[in-house]
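Chemist: Chain residues, written in single-letter form:
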Amino acid sequence: MNGPRRFDLSRLLAVGVLISSLFGVLVIRLARLQLVHSEMYLKQSETNRVRILEKPPLRGLMLDRNGRLMVDNYPSYTLLAVPQMLDQNDQTRDTLLALTGLDEEEFNRRLHRIPKNRYTPVRIMRDLDFPTLASLEERRARMPGIMFRVESKRAYPTPVAPHTLGHIGELKEEAKEKYPNQQSGDIVGLAGLEEQWNDVLMGRKGVEYLEVDALGRVVGPLSGVKPIPPESGSDLVLTIDLDLQLRAEELLGEQAGAVVALEPQTGEVLAIASKPDYPPETFAGLLTPDNWRQLQEDENTPLLHRAVQGLYPPGSIFKMSVLTAGLQTETITTSWKVTCNGVYQLGRRPFRCWNRGGHGEVDHELSIEASCDIFYYLLGNKMGIDKFHDQISHFGFGQVTGIDLPHESSGLLPGRDFMDRRYGENRWTSGHLFNISIGQGDVLVTPLQSAVFAAALANGGWWLTPHLVREVKQPDGTVIPSEEPERHETGFDPEILTLVRDDMLLVTEGSHGTAHWLYDPRMHVAGKTGTSQNSQGEDHALFIAFAPFENPEIAVAVVVEHGEHGSTAAAPIAMKLIRQHLGLDDETWQRYRWKIIADRRRAQAQLQPEGPTE
Amino acid sequence: MRLGRREVEWVLPLLILFLLGMGATVLFSATHSQDFSVFNRQLLYIGISLMLFTGAAFLPDRVVFAFAYVAYIGSLLLLLLVLFVGTGPTGRWLGLGAFHIQPSELAKLTTVLALARFLSDRRNDLSQLKNILYLAVIAALPFLLIAIEPDLGTSLVIPVIAGAMAFWGGIPLIAMVLILSPVAVMVASINPYSLVAVIGMLILFAYVSGIRLPLGLIWGTVVGVIGAFTPTLLGHLQPYQRQRLTAFLNPEADPLGSGYQLIQSKVAIGSGRFWGKGYLEGSQTQGGFLPEQQTDFIFSVVGEELGFFGAVVALFLFWLLIVRLLMLAKKVANPFSSLVTVGVGSILAFQVIVNVGMTTGIMPVTGLPLPLFSYGGSSMMTTMIGLGLVTGMGSRWRQHG
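Protein sequence lines, in the order shown, are assigned to chains A and B.
The numbers in the numbering used here rise by one with no breaks, and the one at position 367 of the first sequence is 367.
The numbers in the numbering used here rise by one with no breaks, and the one at position 39 of the second sequence is 39.
So here's chain A without its partners, still in its complex pose (with noise of 0.2 angstroms):
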């Protein structure tokens, strides 16, 4: 027709046989399912048929940094029931009410939770009581439609750390989009490391085949049909020390409060606390929703992470940031110098500084050592929101650190957006600026975000993004190491640094430090103690310090909720957990404490009279 090779019509008989041959295919696909195994299926049809059952994968385990088990698998028996026969026999339903303790309403919820699924089994309740399971079992031939599953609940060995490990649960309807892999009803993580990591944890599920007959019972499985075996999740290895993380919740006690200790050099966060808490396995299996209720409106909020949810004004371990942001800025030098009579009169307002009876003529070192807020006062104002805002934001704060935990929060540090949107445009005055400048007023800090600061002044201005997770161990036995953490660079001065952190080093070394009640000669530590005025009572009490001052293994920061003082309620805390870290004992410094206060005392009382610390 056109041309050799166009529209040639051996092509068209070709494509015509190569269709017709697939017809035929399809045509002895049909026979073989219709003549040759028609018998089997039609019995499958008759007898009422497939069940399909899914098969739980077996969730990752979480280790600690040392191997040790923190979150471990358990053993436990859900109650499933086949909606259809259930809608169908209302005598085994009131059975089951009575049983479970499950309101109707509830019952049917969940029984259909599955839009127009009627004839796979649903999961109707979680890790069942022996009592329960007892009487139901014996019940069972005359309760069609029920089914039994082992299931695993999660266990901990060691109580610890609920708050960041996290909990599982059922996935709820309403919360099915954060989950794209999972179905609605699957057990996922809700909180912590569960939720975050759920992808990798969870695994697979793997669904068996199952034929029943009219009664619902299981005849057996179904041939022809290979079941799909679940695939287990992978075990997380998390950076935590175990005995590091007990320490702090153990230093913390009743108090509310956070502890975060961190590895300056790879993010890897050694331990993270928050108190109040509550048992682990308060979620592990079957809650109630009186004890949820009754956690949740709990005044104390047992449920906050306060680690990484809770903002507190810095307080004082500010300052290290406004010192540096000036040194950077050239707002001022490093011999700029102000005099501290206790107080600042700015017009007719007085601002006054911890210590009323002055601190005399305070350079950079003092202001540190001693934490004059006078010289803060006048450097922040001096140096104007704008550069404020810039450079301390280098330092992390007012944004989230990246560390692998939910809803973690941001803080807050203020701009020149954020004052004129809060005060009104030029309504706002340097007295705000002043209380800023001290880490009070509007500034909010999570004590993760203080212990990154931490980690930057160790490290010399530069910071890693905090993490839990040192790898993942897959059920075959291969390793993942995490991600590479993200490096942060401040792009501070290094010699402005190495001044400033010299400064941190006298506040537990120096005659007027604040924290030089509890030097230790074994060690040397770097720290800040803050102490921070908010409007629910007490001050709040912080410490954050690194150590060894030389080489930095470890940066911690401490939160005491209405501690009162960083000195006497925080930074006791965090130097136990550095003399931990670092393999030295507390009896040995107490027996010496006492000596070296004497000595400090007999030195100093030549020098000057001591106020109290702060």
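Accuracy of the hints is not assured; some may be wrong.
Listed next, with one range per pair, are the computed distances between beta-carbon atoms [to be verified]:
no. : chain 1 : residue 1 : chain 2 : residue 2 : range
1   : B       : 144       : A       : 493       : 49 to 55 angstroms
2   : A       : 382       : B       : 144       : 30 to 36 angstroms
3   : B       : 363       : A       : 35        : 18 to 24 angstroms
Covered, in the sense of this in silico footprint (three residues per stretch, anywhere, with C-beta under 8 angstroms from a C-beta of chain B), are these stretches of chain A [stated by the list, open to error]:
no. : stretch
4   : 17 to 23
5   : 359 to 367
Just a sample of chain A residues kept apart from chain B, beta carbon distances all over 12 angstroms, derived [what the hints assert, rightly or not]:
no. : residue
6   : 76
7   : 196
8   : 255
9   : 279
10  : 548
11  : 597
No lab work stands behind these hints, which were simulated from the structure alone.
Yeah, the Cβ is synthetic: ideal placement off N, Cα and C, and Gly gets one too.
Dock chain B against the given chain A, drawing on the hints supplied.
Modeler: What follows is chain B alone, placed relative to chain A:
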């Protein structure tokens, strides 16, 4: 039949009416126990489709030819639009007042028109690599836009159309084999025996066709690398990545859902035996065991209620339809019409084979509807427009020579 100077094509409309009738009857059985509105809407769609069919049949060829590229570009724009403002459970629909259209269905037909217009031009000789590349671009645009919706099942129709039309349009056999071989090797690499068989066939072909050495070496390397790395690639995926990959290939699939559908579909078809359980008597169908029964799994109703006999009758009608299309492709005078006819035929053939293969469990669950049977307006209307065009073209042929 002659009407004035026209030879009216009546076989095609007759076959279509049979298939539509059978489809509607079966759909009624699948849905009547739950919801009448589905059946009523489908009747409405069939009515509209018949009007569109008639209208398309009366469109002069040159008008279709003139608007081929415009329609193609228009449907590409709709495909782009659906990426941003798609609605419906899977985000593949465009809302138009009370109606929703599925641009991917429309794109199948317009791609056929665009390819037909391109290939009907004698200057676009497919023995030149340049022209093959142009053709590949025309096909790749709608393919990619549909694939990223994501609707890989529907998008696979496009390369099949392009392949069939290029084949009919005179692409050199050797080029066809070169293009298909990587795909063949990739699919065959699932199983070592099939891989050896496919590679053996390719080597035989290379020897017979006397392919030149440099080209042969490059081709052999590419195919070899693909064949060697496909299994490694799949094996190296993390479990959750593999899960995501399967979710991408078929978003609706889940181990419970698709496994369940497949088993119930096989039980339904198998239990129908030779004569079926009788119309409206299928226990699987009437029991509502199959979630997607009125759409993708409609053929299982045919199998259960009308048995092997009914299923083979349906397949036979489809086969006749396709064979008739191929005959028309030979008969019609102008290249454009002939190419459109082959294109429409290849859409139908592919969808019927894949859909029935899926319901009987020999092909993966892809979510392709069964033409003229499955519930759904967009699919019904575009299929009928395509068939209308072809019927019109088949009625205007002049005996050449």
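Chemist: The structure should be examined with respect to each hint, and the outcome stated for every one.
Modeler: A quick look at each hint next to the structure:
For the pair residue 144/B and residue 493/A, the beta carbons lie near 51 angstroms from each other, so the given range of 49 to 55 angstroms is met. In this structure the hint that residue 382/A and residue 144/B lie 30 to 36 angstroms apart at CB is violated, the actual value being about 59 angstroms. Checked against the hint of 18 to 24 angstroms, the pair residue 363/B and residue 35/A passes, with Cβ atoms roughly 20 angstroms apart. For the stretch 17 to 23 of chain A, the assignment as covered by chain B holds, since 4 residues bring a beta-carbon within under 8 angstroms of that chain's beta-carbons and 3 suffice.
By the rule of at least three residues with a Cβ nearer than 8 angstroms to a Cβ of chain B, the coverage given for the stretch 359 to 367 of chain A is violated, with 0 such residues. At roughly 22 angstroms, the least C-beta separation between residue 76/A and chain B is larger than 12 angstroms, which holds for a residue marked as non-interface. With a closest Cβ-Cβ approach of about 14 angstroms to chain B, residue 196/A is found to remain outside the 12 angstroms limit, as its non-interface label requires. Against the 12 angstroms criterion, residue 255/A stays outside the reach of chain B, whose nearest CB is about 41 angstroms from its own CB.
Every CB of chain B is more than 12 angstroms from the CB of residue 279/A (nearest about 31 angstroms), matching its label as outside the interface. Residue-level check passed: residue 548/A sits 40 angstroms from the nearest beta carbon of chain B, beyond 12 angstroms. Residue-level check passed: residue 597/A sits 58 angstroms from the nearest beta carbon of chain B, beyond 12 angstroms.
In this structure, the hints that do not hold are numbers 2 and 5, in rising order.
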